[in-house]
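One letter stands for each residue in the lines below.
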Amino acid sequence: MTWFFVRRLLGLVVTLWVVFTVSFLLMFAVPGGPYSAERNLPPEIEANFKHRYRLDLPWYEQYAFDLSRDLTGDLGMSSRLQDYSVNQVIKEGLPVSASLGILALFFAIVLGLSAGIVSALYRGSFADFTLMSLATIGIAVPSFVVAGLAIMLFVFVIPIFPAAGWGTLRQLVLPSICLGLAYAAEIARITRTGMLDALSQDYVRTAKAKGLSELMVALRHALPTALLPVVSYLGPAVAGILTGSVVIEKIFAIPGLGWHFVQAALQRDLTLAMGLVLLYTVLLYTMNFIVDLSYGILDPRVELK
Amino acid sequence: MFGRTLFLILMFVAGLAAVGWAVYGSRLPPADFSFTNETEVATVDPALATGQPEMRIITSLFEGLGRQSPKDTHFAAGAAEKWEISDDGRVYTFQLRKNARWSNGEPVTAHDFEYSIRRLLDPLTFSRYAYEGWYLVNGKKYTVASELATGDRVEVELNQEPGVANTVRGKLLLGKLVHKESSGTKSNSSAEKGGDDEPKQDIFVVDVAGKEGRFKVAEATDSVPKNVERCRQVLLDFREVGVKVIDDYTLELRITNPTPYFLDLLAYYPFAPVNRTCVEKYGSPDWIKPKNIVTNGPFRMVARRLRDRVRLARSDTYWDRSNVKLNVVDALSVDDRTTAFNLYMTGMVDWDTVPPAEVLRELLKEPRNDLNPAPQLTTYYFLLNTTRPPLDDKRVRQALSMAMDREEITRVATGAGEIPAYSLVPPSMPGYHKQECKPFDPAAARKLLADAGFPEGQGFPRIEILYNTDQAHQAIAELIRKQWQNNLGITATLRNEEWGSYQDSIQQLKFTVARRAWVGDYMDPNTYADMFVTGGENNNTGFANAEYDKLISDAAKELDQTKRMQLLEKSERMLMDEQPIIPVYFYVSRNMVRPWVRGFYNTLQDVHPIRDIWIDRSVKNDDPRPNEYMEPVK
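So the protein lines, in turn, are chains D and F. Residues 39 to 343, numbered by our numbering, are exactly what the first sequence covers, in order. Residues 21 to 654, numbered by our numbering, are exactly what the second sequence covers, in order.
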């Protein structure tokens, strides 16, 4: 067990280093820089600017400098959001994205699991067909369409929710549903497949033979096994959902992190882009780690070494 | 089993608690007035900011010698109460009002302005608007140290003492520059690209109080040759720059050329003062945090949440606070134009700064009491790379321009009543007659192209139109491609690049035809004309003409307004004949403003100071009486 932790921790360090290196080289290769703008800097000031952000150094020196700074946990200054350091951007944005993500996940899990279980139990029925068709649509339709429809319906036609913004629970309802819908659809499909698989297992037949009710068998015995693929799916999904969604954050004007992911790259805010990529790596790695741990809890056959 | 259930319940409770905490912690009472302020402001530091969203905040927080008047954006009294301009138009003397206060209680004095202008010019501030200060005597020489010559009085700024804020200057040694020499070692910056064979003149020999010292810009960790002292920078002695504190409340500014719009420039935010105590105590960028910032304007910043809002509250130290009517103002960062429009339509904001073009087209079909597009000081044009054949031929450039149907573009592709442009300088510049290029004339265009050796477009290479990724720009580029194809028989392809790459391509002339829009910085044709001088930073066409350069520099020195305008007209005439650019249309402003918002005027620069806005509670949404904004535009 201890060895498992240590190995994973070492893995994280190596992964972070590889991600850092690849991202660094990619960013170094793209044209333009944080100093590109409509009002051009006089050349001397541009030289100073490059010096300040160490853009005038050869790439290996920049690399060494950035790496050693990031190692201390200080991700540097954002070059576009000049009043903020990358750490401050994350500190302000992550709780917002995470809150929205938690609500969306909660919604996705409740809806997805229920739909998946019902579909599996009543396989081939009208309910199964309807739910799975909806799930397919849910996966196929992009979130900006869902969000657009939701806004038209619940903001303008039946005005029960505010159009956008952050600060009250009511403002969170629409975005979290729109964000969670695609995840719910995916979870429903995975749950259904897992349940069908589990329901045909010998131990489920044994449970039935013991005289347990249908529902008891499904929830107590089949569900934990059926959850394994859902959990595997949730690991990376949680990392993605916690760091925010560009589309939903843009449409609902939510001050999360998702927007920065794209804008930092577009505006050549290299420090911010790097900080976010590293944050995402850590989250993704941690979530996968938790998934592995939960396998040990959910499935007695799995042993962590 | 029990443990697992408990774990799930705990997770659930913890999750909800986290959400509750995040939401509860960000609750704010509603504001009196709120507006959508486009994208998140990059900074509220007056010296560093560029752009409209930043300006709306900065002009509310800081007040310069003057401020932009809400009706016509000209200079109106601000921190300065009275001012005098010398007869030769070169010396400005300002009397500051004695009751102007910083939010920390300190009086606003001439020293604050001296400090702030020096900071704007300092090359280590990285101000994009430093050149606004170059109108001052020796302003440019202060920023651009390579212009220093033997015999100049200089200030050597030594490296900072350890442990001080990054905004505190190092110790200053004042002296005379004896000469510059090379240390022989290649500096880091020249190692980067390999080029730079000339050894840099990087050692400054300075005579400080009769003793010669040798200084090199280097950090404490860098190695320097023997007998050379490290310093942070060597600049012109700031006393040589045209900024002089006569006494605590009298400031004298001297400018090189009699610039008639200099006063208006001073009302522009780069010249806003910052509080030295605050800046030097916290350092940059921490001094800007709401809990640290010290301001002298009509509002103070009470909260700022990244990508959410900047909240302003009326300052109780502002000298004219009784004329500031709004108590609490919210500037919301809303990136998406449709979202901003939704917020406006559902009554969550009182002013939508940029509603989406496709919506405007629909809205303008019926009369409204909250929308009144008006001409704006912004031109949309295409840059032609005059260094690339066949665009190096004037006839080809003219043909391209004459084959472009602007009326169709403004009718089909834009939609808020934009005005087709045949000149670079927008209409309604006072005292100026804009000079136009030849109108739409496909037959004449074909003839010009034939004269240039491409009859019916035969043999004409495929040309590429570059634009930054945006639906609106794409629509325009596609229309132009079609027009050139139909009218000239030439083929164009489109290339879009996102902002950073696009800027880079333009700077390095890596394009054939590229779009560009330019917002006038001040109400004078010079803001457009001086871009196209040889080697100008925003020229970006390869256009170089000594005669043109002379017209611009003559105009800058000309005292007589009429003559100056004539010189500028001549320069635009030349630009419109040579056509390194093709004007397409002039922008119109497109604010949506609720009828209860008063003190909001349509202005050419689309500037609307929040200080002068107030809310008339007696007005309902369907009130037919026009507010100031809805008054017909002249």
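The set of hints was computed from the structure by calculation and includes no laboratory data. Be a bit skeptical, because a hint or two may be false.
Unchecked claim - Pairs of lysine-lysine, DSBU-like flavour, derived with a Cα cap of 35 Å:
1. D:Lys88 to F:Lys246
2. F:Lys246 to F:Lys311
3. F:Lys264 to F:Lys246
4. F:Lys309 to D:Lys129
5. F:Lys91 to F:Lys246
6. F:Lys161 to F:Lys345
7. D:Lys88 to F:Lys191
8. F:Lys458 to F:Lys570
9. F:Lys345 to F:Lys454
10. D:Lys88 to F:Lys102
11. F:Lys414 to F:Lys102
12. F:Lys530 to F:Lys590
13. F:Lys590 to D:Lys88
14. F:Lys236 to D:Lys88
15. F:Lys309 to D:Lys88
16. D:Lys88 to F:Lys160
Values in this document were obtained by computation on a predicted structure and should not be read as measured data.
Cross-check of the supplied hints:
1. D:Lys88 to F:Lys246: It holds: about 27 Å lies between the C-alpha atoms, which stays within 35 Å.
2. F:Lys246 to F:Lys311: Cα-Cα ~46 Å, so violated.
3. F:Lys264 to F:Lys246: Since the Cα atoms of F:Lys264 and F:Lys246 sit roughly 38 Å apart, the hinted pair is violated (cutoff 35 Å).
4. F:Lys309 to D:Lys129: 15 Å, holds
5. F:Lys91 to F:Lys246: Violated, at roughly 62 Å.
6. F:Lys161 to F:Lys345: Answer violated: F:Lys161 to F:Lys345 is near 43 Å, above 35 Å.
7. D:Lys88 to F:Lys191: Roughly 24 Å separates the two Cα atoms, so the pair holds.
8. F:Lys458 to F:Lys570: Cα-Cα ~24 Å, so holds.
9. F:Lys345 to F:Lys454: Between F:Lys345 and F:Lys454 the Cα gap is close to 40 Å, so the pair fails against 35 Å, i.e. violated.
10. D:Lys88 to F:Lys102: Cα-Cα ~41 Å, so violated.
11. F:Lys414 to F:Lys102: At roughly 50 Å apart (the allowed maximum being 35 Å), F:Lys102 and F:Lys414 break the hint.
12. F:Lys530 to F:Lys590: Since the Cα atoms of F:Lys530 and F:Lys590 sit roughly 30 Å apart, the hinted pair holds (cutoff 35 Å).
13. F:Lys590 to D:Lys88: 39 Å, violated
14. F:Lys236 to D:Lys88: Satisfied, since the Cα-Cα distance of roughly 18 Å is no more than 35 Å.
15. F:Lys309 to D:Lys88: 25 Å, holds
16. D:Lys88 to F:Lys160: 20 Å, holds
Checked against the numbered hints above, the structure violates hints 2, 3, 5, 6, 9, 10, 11 and 13; every other hint is satisfied.
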